[in-house]
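Fit chain E to the supplied structure of chain H, relying on the hints for placement.
One letter stands for each residue in the lines below.
Number of protein chains: 2
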Amino acid sequence: MKLRFEILKKDKDTYARLGKIYTNHGEIDTPIFMPVGTNATVKAMSTDELKEIGSQVILNNTYHLYLRPGMEVISLFGGSHKFMNWDGPILSDSGGFQVFSLASLRKINENGVEFQSHLDGSRHIFTPEKVIEIEETINSDIMMMLDVCPPYPAEKEEVEDAVRLSNNWGERALNARKTDNGLFGILQGGIHKDLRKRAVEELCRLDFDGFSIGGLSVGEPSDMMYEIVEYVTPLMPIDKPHYLMGVGTPIDILESVERGIDMFDCVIPTRNGRNGMAFTSVGPISLKNNRYRTDTFPLDENCDCSVCKNYSKAYLRHLFKSKEILAARFLSYHNLYFFTKLMERIRISLKEGRFKEYKKEFLDKYLNGGLK
Amino acid sequence: MKLRFEILKKDKDTYARLGKIYTNHGEIDTPIFMPVGTNATVKAMSTDELKEIGSQVILNNTYHLYLRPGMEVISLFGGSHKFMNWDGPILSDSGGFQVFSLASLRKINENGVEFQSHLDGSRHIFTPEKVIEIEETINSDIMMMLDVCPPYPAEKEEVEDAVRLSNNWGERALNARKTDNGLFGILQGGIHKDLRKRAVEELCRLDFDGFSIGGLSVGEPSDMMYEIVEYVTPLMPIDKPHYLMGVGTPIDILESVERGIDMFDCVIPTRNGRNGMAFTSVGPISLKNNRYRTDTFPLDENCDCSVCKNYSKAYLRHLFKSKEILAARFLSYHNLYFFTKLMERIRISLKEGRFKEYKKEFLDKYLNGGLK
Numbered sequence: 003m004k005l006r007f008e009i010l011k012k013d014k015d016t017y018a019r020l021g022k023i024y025t026n027h028g029e030i031d032t033p034i035f036m037p038v039g040t041n042a043t044v045k046a047m048s049t050d051e052l053k054e055i056g057s058q059v060i061l062n063n064t065y066h067l068y069l070r071p072g073m074e075v076i077s078l079f080g081g082s083h084k085f086m087n088w089d090g091p092i093l094s095d096s097g098g099f100q101v102f103s104l105a106s107l108r109k110i111n112e113n114g115v116e117f118q119s120h121l122d123g124s125r126h127i128f129t130p131e132k133v134i135e136i137e138e139t140i141n142s143d144i145m146m147m148l149d150v151c152p153p154y155p156a157e158k159e160e161v162e163d164a165v166r167l168s169n170n171w172g173e174r175a176l177n178a179r180k181t182d183n184g185l186f187g188i189l190q191g192g193i194h195k196d197l198r199k200r201a202v203e204e205l206c207r208l209d210f211d212g213f214s215i216g217g218l219s220v221g222e223p224s225d226m227m228y229e230i231v232e233y234v235t236p237l238m239p240i241d242k243p244h245y246l247m248g249v250g251t252p253i254d255i256l257e258s259v260e261r262g263i264d265m266f267d268c269v270i271p272t273r274n275g276r277n278g279m280a281f282t283s284v285g286p287i288s289l290k291n292n293r294y295r296t297d298t299f300p301l302d303e304n305c306d307c308s309v310c311k312n313y314s315k316a317y318l319r320h321l322f323k324s325k326e327i328l329a330a331r332f333l334s335y336h337n338l339y340f341f342t343k344l345m346e347r348i349r350i351s352l353k354e355g356r357f358k359e360y361k362k363e364f365l366d367k368y369l370n371g372g373l374k
Numbered sequence: 003m004k005l006r007f008e009i010l011k012k013d014k015d016t017y018a019r020l021g022k023i024y025t026n027h028g029e030i031d032t033p034i035f036m037p038v039g040t041n042a043t044v045k046a047m048s049t050d051e052l053k054e055i056g057s058q059v060i061l062n063n064t065y066h067l068y069l070r071p072g073m074e075v076i077s078l079f080g081g082s083h084k085f086m087n088w089d090g091p092i093l094s095d096s097g098g099f100q101v102f103s104l105a106s107l108r109k110i111n112e113n114g115v116e117f118q119s120h121l122d123g124s125r126h127i128f129t130p131e132k133v134i135e136i137e138e139t140i141n142s143d144i145m146m147m148l149d150v151c152p153p154y155p156a157e158k159e160e161v162e163d164a165v166r167l168s169n170n171w172g173e174r175a176l177n178a179r180k181t182d183n184g185l186f187g188i189l190q191g192g193i194h195k196d197l198r199k200r201a202v203e204e205l206c207r208l209d210f211d212g213f214s215i216g217g218l219s220v221g222e223p224s225d226m227m228y229e230i231v232e233y234v235t236p237l238m239p240i241d242k243p244h245y246l247m248g249v250g251t252p253i254d255i256l257e258s259v260e261r262g263i264d265m266f267d268c269v270i271p272t273r274n275g276r277n278g279m280a281f282t283s284v285g286p287i288s289l290k291n292n293r294y295r296t297d298t299f300p301l302d303e304n305c306d307c308s309v310c311k312n313y314s315k316a317y318l319r320h321l322f323k324s325k326e327i328l329a330a331r332f333l334s335y336h337n338l339y340f341f342t343k344l345m346e347r348i349r350i351s352l353k354e355g356r357f358k359e360y361k362k363e364f365l366d367k368y369l370n371g372g373l374k
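Line by line, the protein sequences are chains H and E.
Read in order, the letters of the first sequence are residues 3 to 374 in my numbering.
Read in order, the letters of the second sequence are residues 3 to 374 in my numbering.
No lab work stands behind these hints: they were computed from the structure.
If a hint is listed, it holds; no wrong ones were tucked in.
Identical copies look the same in the list; a pair holds intra-copy or inter-copy alike.
For lysine-lysine, the following DSS-like pairs were computed, each having C-alpha atoms within a straight-line distance of at most 30 Å:
#	residue 1	residue 2
1	Lys-323	Lys-53
2	Lys-343	Lys-84
3	Lys-325	Lys-290
4	Lys-53	Lys-311
Keep in mind it's a predicted model, so treat the numbers as computed, not measured.
Extracted from the complex, chain H is given alone in its bound form (with noise of 0.2 Å):
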């Protein structure tokens, strides 16, 4: 079936929504934080736990499983969901942006992009077309066309032939594609006005699934990302999920909603429970710190996961300070889980109508309702 948005309420206050995104593989409830399963699998997790959370759709990487293992190995399960034990929805990121951050050698022309692969040095070439030949390989539920990111700072020419090429290039993705799996398409325009509102005007007008805000979250100032968020959305075809990429903390994503976003993703859960840092709602903590080392409480006292039910912060500590997996397994889990029951929280507060009361209350409390 064709991929499908509901927008089951909008905010008084604000412009967010609450809405449900119909997918080949089930519901997805938005706003959603879909966890990143880069290689086919969210770092240090099971499936099973992901179910566990409550997540509801997660993240595959075309440019890391293009590399490796390889489609040959992805279409002998007919897809990533049964390779990965996943029947959830996925969504593939286009691998647009990991050509331009992780691989070199980039030659980058109307046709599409080459480059050689991180890995083993082996040159390869992505198209639009090619790019959703593997994403239907993959058999992700919401696919993303490829684009040209632009890091920040950028030349604004530069960011202005991103803008043109990517425009160009989701008009073809859109006619390469063969199945019914949604399409997104994805807007540039990095920091500059002027180009976001021509990357709307020329991709809204096309018939994609959705419509996602790339380049940002690539190193400019936060206040400048909101900026950027709070003038592209209202140029957005309302009755579309609205998707930012690789955003973000929990903050980011409160004021990201509040300006009409649907759906995120970012490796921050995963990445920084590896690095030892875990969410709570009194604030960040890192168990680097040494006055954690004899503290026999759980991690959030608010926290109703399975590792803050059995698990102190000293033991997790110990855990972190060995160098054992079981301490990036369980504060994986842990931040995932504090993300997931952050979108819940949000989806209940709209639903209430009350999400800018509920934006306040938790950031009262993330800010300033603890040490750190």
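The following block gives chain E in isolation, referenced to the frame of chain H:
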């Protein structure tokens, strides 16, 4: 309560026995394999998963936990059980082996052993009494006495010294015990039958709750190990548990059960798992092998563990090649399941009076059953 051992059945053909150990934290069916939880974590595994697999008792390591997190931390939790969220029996290795294999600048005398931490170079002294104090802080259900464990090969004089010192220390360990936690003696003697005999004669007169054979599986050939086990076990008290420390492969375990061993521990299932090796009913396989790249079948078609039910060799190889934590998790899980099932089947075969047949069946398949 005092640790108790009950022999339920003796094998008619061999020295093998079916038994049960009663501890303060539950019962242990023997012969048993005990996963190694050096740092109060069985590497990559949660305690929920250990229960799911059927693990009945796990190891902690005195040397490691004494150095990190330190007894100040463990004592805040009343021991390791609550610290690591494991309510079953814990056996604590005395640290003797680690002092002799990991620590540097060792000085050994009648009183004990002075050593330098492998973590920060700090100096410490282990005496038989000190080690019991640590193990009682860990609150392990089966404590091991401090022993002197020479490497292989070693001069016979060095092994003789190890026997003499270990035997003296055994008596001191017993006198130092303040709890009713179990305490096992450790028999040294290397590959020298006369020294093994002396170790047994001196140490087995003492009121230990069980005896272990130490100083094997330190580099000597398997046949030599089997020969020493075969020589020693008939000399050991028949009504006490016999524990062969640091052993071993499935073959080692079957050969040693046959020779009268009741308890085993080894890092092989978890360490080899982290290195991409899986135990299967048709012999071990390495996921490094390129032939598994497109293998859509489970690790072992005769295995009903959750990894084999849900994942293919191709996926596990992909995780391993991508250095994903999930590879370590899944291979450790499967391998521990394999060892646990092996022990269950050994116990069933003993109950049914067909251990020799089971051993032959297992080995026929394990050694010749499939391509490696």
